[in-house]
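**Student:** Protein chains in written order, with my numbering: chain A, 1 to 161; chain B, 162 to 519.
Heads up, a few of these hints could be off.
As the list claims (entries may be wrong) - Using 30 Å as the maximum straight-line C-alpha spacing, the simulated DSS-like pairs for lysine-lysine come out as follows:
{"hint": "1", "chain 1": "B", "residue 1": "Lys308", "chain 2": "B", "residue 2": "Lys176"}
{"hint": "2", "chain 1": "A", "residue 1": "Lys159", "chain 2": "B", "residue 2": "Lys308"}
{"hint": "3", "chain 1": "B", "residue 1": "Lys229", "chain 2": "A", "residue 2": "Lys159"}
{"hint": "4", "chain 1": "B", "residue 1": "Lys229", "chain 2": "B", "residue 2": "Lys308"}
Keep in mind the hints are simulated off the structure, nothing from the lab.
Values in this document were obtained by computation on a predicted structure and should not be read as measured data.
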Amino acid sequence: MQQVVFGIVAALIVFAAVRLVTTRNLVHGALYLLAVLAGAAILFLLFLAEFVAWVQVLVYIGAVVVLLLFGLMLTRAPIGNMALDSQTRPLAAVVSLAIFGITSTIVWKTFKGQTVHFSKPNTVDTLGRAIFSQYVLPFEIVSVVLLAALVGAVVLARKEE
Amino acid sequence: MSMTFLADLVVILAKILIVFLVLSVLVIFIVWFERKVVAHMQSRLGPNRWGPFGLLTSVADGMKLMFKEPITPITADHVTFALAPGISMLAAFLAFASIPFGTSVLIFGHRATFEIADLNVGLLWVLAMGSLAVYGVVLAGWSSGSKYPLLGGIRSSAQMISYEIALSLSLIPVVMSAGSLSLRTIVHAQSGVIGSIGWLGPVGGVGKFIPHWYIFYHLPAFLIFLLAGVAETNRPPFDLAEADTELVGGYHTEYSGIKFAMFFLAEYLHVVTISALAVLLFLGGWNGVTPNLPVLGWIWPLLWFVAKVFFFVFLFVWLRATLPRLRYDKLMAVGWRVLIPAALTWLVVSGLAMAGSV
């Protein structure tokens, strides 16, 4: 049952991801991105990670893509079927293939042949304990990186006085 | 498939149907309620032609909108234009899936709780579905293919993201106090009374008459939640996405007929959702200030809940009737410079207080 649902959702994610980069309409692209992220949320649900799934919806679907749409509408309005192709397809293909290769190799090497049993759902409690004890260093590093990005964006956007 | 599974399925489906119907009727009633209250606040009579006190006016309006021709502008993006009102309605209804509104009742030997699903991250679910609501507005604004809706869509996307942060941050202290994200557990944590208040000295006994509601512990968080909640629902004085004096009708300028009605209903559903959240998180949910009357059983808590929710619905209407709309830059300034720092401060203060009391 789980495997069947996984297969369907994975197929939908792949389809939406392909359409995301092939569609000519930017807003439609954003909507396909939404479908990809929603699919990821469903995958989290399949792994009984309820909290992560709804945070995925809240943060990525509810904020990140909205921000993306906001940027598009502010800078490219009215948006139609415009040719917004930067003619860098070969480079993009190389970069995305490289990222795919690296991440899938890492995942393969780490979890090869392992069977993970989901006996009880991942509660907020266990998640919080894991983040703030075992994984506190990565958590802090990610926070600093995000803070740096935030400061960087403000510096870039600020007008010279 | 065992019998209990089938029974559970029937109960769930029945609950979904009941919640859906009750909400639909409730929203129609709230539209009438708002028109009537605003009218009386402005020394008018308000709707009074159809049914007693004009109660059927909204029904007549709904019928009218249903039979009107739905017009799609030639510049519109057809699929998205048709999708947007549906997304609005869907997000508004889905939020109710984990909102509990009473204790439980025994039907045919089956104990049915007053909610569709008691998720242990129920609060997160409501917030996540609330965050989807912005898509209805943004996509409607963009797909209409005309400038006023687009401006409304842009405004609303910035506004809703900004106020969502303050809204979520203001709820964290409550979650910390209750130690759970399940709305039912949060309500249970608010039963009983505060008890003697030590620092008040001789008059500390007054605490024995004050219910153990989080509003008395987290008043600043409650006020932040209320302000951000009004902004999240796109209601006056934060209705910048519609702003009829500047943007004609904002994001739904190009919508007519039943599609327009769907946006309208979604807005009122959000009002009910935010009211219900305020009641559940800060006002003790269905816990009344009087002891439960055993004769009434499950009806008494339910009545308390409905009464409290209606108080907040009235508050929403009251705000609309009395306050002028904020200017856009002021709105963003309030969100980022006042509400978010205030919510963070309260989060730290209540965290310290909790750490100190352990």
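**Student:** Confirm or reject each hint.
**Tutor:** Each hint, compared with the structure:
1. B/Lys308 to B/Lys176: violated, 42 Å
2. A/Lys159 to B/Lys308: Roughly 28 Å between the alpha carbons, so the hint for A/Lys159 and B/Lys308 holds.
3. B/Lys229 to A/Lys159: Not satisfied, since the Cα-Cα distance of roughly 50 Å exceeds 30 Å.
4. B/Lys229 to B/Lys308: holds, 24 Å
Of the numbered hints stated above, those contradicted by the structure are hints 1, 3, listed in ascending order.
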